[in-house]
Amino acid sequence: MGGREAVAAVWRIESARIVGALARYTGDFALAEDLAQEALAEALVNWPREGVPRNPAGWLLTVGRRRAIDTFRRRSALDERYAVLAQELGEGGAASGRPQADDGDVPWDPDQIDDDVLALMFVSCHPVLSREARVALTLRVVGGLTSDEIARAFLVPTATVQARITRAKKTLGAAKVPFAVPPASERAERLGSVLSVLYLIFTEGSSASSGDELIRFDLAGEAQRLARVLTRLVPDEPEVHSLLALLELTAARFPARTGPDGEPVLLEHQDRRRWDQAAIRRGRAALARAERAGRGLGAYGLQAAIAECHAVAPSVEETDWDRVVLLYEALGRLAPSPVVDLNRAVAVAMASGPAAALSIVDELAASGALAGSQLLPTVRGELLTRLGRTDEARAELELAASLCGNERERAVLERKLADLG
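Take the sequence shown: its letter number 365 is residue 365 in the UniProt record's numbering, and every next letter is one higher.
Keep in mind that the hints were calculated from the coordinates and are not lab data.
What you are looking at is a predicted structure, and each value in this text was computed from that prediction instead of being measured.
Heads up, the beta-carbon is just placed ideally off N, CA and C, and yes, glycines get one too.
Hints may contain errors.
[As the list claims (entries may be wrong)] Label pairs and their in silico Cβ distance ranges: (1) 183 with 366: 43 to 51 Å; (2) 359 with 148: 45 to 53 Å; (3) 260 with 4: 24 to 32 Å; (4) 315 with 389: 25 to 33 Å; (5) 225 with 371: 41 to 49 Å; (6) 353 with 4: 21 to 29 Å; (7) 391 with 368: 17 to 25 Å; (8) 419 with 315: 18 to 26 Å; (9) 183 with 217: 16 to 24 Å.
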């Protein structure tokens, strides 16, 4: 792998950790983002010429810290932050110019960085922000999602997301929010937003909304890792265990979701022997912990229960579709969403036939829900195909293909169109 390719690969995986760590060191979120970008620019110059360092992420963090010291010096603010930074690096390190391609000067501590990422999530989900702003900001700066990807998750225009993020940054700066995990007494009011962020990061990872890969394993894996950290931070919160259960049970199907060339494999065609049985056991254990709390399942718990129905079924035909329908109905009452209604329609099609499901989908279409998304015309096209209404099905699948941002999913839709003749 060349220097520039290595920079891109490391940045894609480690950018959130680096920004989080720098935010903790400087106490300034906007500055942390700038410092991280400066470190990235220096890597793009140095790595192709001098080679990739043994610890690339540690190299980037070292550069960011040194640039922080330089920034504070330029501001003539030799305050407590500068003293702490200078003490950590040593004056010689700060003044020694270009960092060496070596990881010995500043050890990369994964546990500490893990905490920094979670801390940055709680900071970004500060109650001074609206829930929408909390989630959008955190998805952007911690999850690394683009504004377009976040907009698709929220089903709103990209400009709306960009405005939310800009206002959120200004609000946090004006409020002088500290970059630290809040005490236990303050976590409850932020926890729901943090869970939403992890859920949406994983959702984008498990079914990428754009690009040429169906699954973004880096995003999905990071969401799982942070969910595990969160269960240790708040072990008595059942919905945290429910979210972890959902992520584990969903990720268990990853090995069978793509073929040898990365092409999507639909649920009915997956080789269930390839499903990760260890992940299924972990997911079911997490769901059992949530159920033992005795408070009833929340939104993530109901979704995890649906995922469990798939995980334990020997085949699509032997899945307990009636139970899946009931779970989606309960989820729709607890957390109403057009996506939930659409998924319920898919389950109804399996339990009661495509005609019953089509009436649900037609109601969604009439309401204008999911406009601009490929999800609704994809499902409607499939139902019409099963009902033998070929011309209408073709029109829906053509619309879905035109709206689909993921190349792999678009290829599936195009194959379905070709099968219609």
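Hints breached by this structure | 2, 5, 6 and 9
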